[in-house]
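So the sequence lines, in the order shown, correspond to chains E and S.
For the first sequence, position 1 matches number 282 in our numbering, and the numbering has no gaps at all.
For the second sequence, position 86 matches number 367 in our numbering, and the numbering has no gaps at all.
Heads up, some of the hints might be wrong.
Claimed, not checked - Calculated cross-link-like contacts (lysine to any residue; reagent style SDA-like; alpha-carbon spacing at most 20 Å): (1) K315/E with G353/E; (2) K284/E with D387/S; (3) K284/S with T382/S; (4) K284/S with T328/E; (5) K312/E with E354/S; (6) K284/S with L335/E; (7) K284/E with H373/S; (8) K312/S with A352/E; (9) K315/E with R342/E; (10) K315/S with T382/S; (11) K312/S with D387/S; (12) K284/S with K284/E.
Stated by the list, open to error - Selected chain E positions facing chain S (Cβ under 7 Å, derived; list incomplete): (13) K284; (14) L331; (15) L343.
Read the hints as simulated data drawn from the structure, not as lab findings.
All C-beta atoms, glycine included, are put in the ideal place defined by N, C-alpha and C.
Number of protein chains: 2
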Amino acid sequence: MNKVNLDAAFATFTERWSPHTVAALNDYEVKLAKVCGGFVWHTHEQTDELFLVLHGELTIRLRDREVLLRAGELFIVPSGVEHQPFAAQEAHILLLEPTGTLNTGDRPAG
Amino acid sequence: MNKVNLDAAFATFTERWSPHTVAALNDYEVKLAKVCGGFVWHTHEQTDELFLVLHGELTIRLRDREVLLRAGELFIVPSGVEHQPFAAQEAHILLLEPTGTLNTGDRPAG
């Protein structure tokens, strides 16, 4: 594989809440996403999910608390824990999760 | 879990080539390491290994080429590929690999 420059990879897309896979590690994928506003509440029953903020701020809303992540901070949402990512302004984040994980978790699409 | 501030986590140790686990994702671990100089040539036969440079520069020497990583760049060494991390000056890196992976790979200790 080739190396991935994160800034250069972010420059290739503008869509929000649309994770772009930039690398694979065994059966996991490294994804980059631009996010702004609130995403749907959802749960991944089968997997933990890693969020690393690279630019801006991201709040991970949990049912009992909120976790504010600034650039250079990471958080892992444990499997089975309902959460809602929220960003007041556009943030750039790195996600890591098993290949095939849907960003809406176990919530039916549509 | 609590969030991890990467700069704060790096400030807790000074040893080089001694990965510190800061978070777990399923059966994977997120590790931080300060590196300087050259590490041993080694191979992980069973797993890929992710390197993300957070500060400084890291060269991943492969037998047929070198990959220079600057801050904000990541590279995944495929399983079975011999490699030697090298940093001319201290660099701060994030590693991701399955729990139990040794940093010397399949090379016997000692």
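What hints, given by number in increasing order, does this structure fail? Of the numbered hints, 2, 3, 12 and 15 do not hold.
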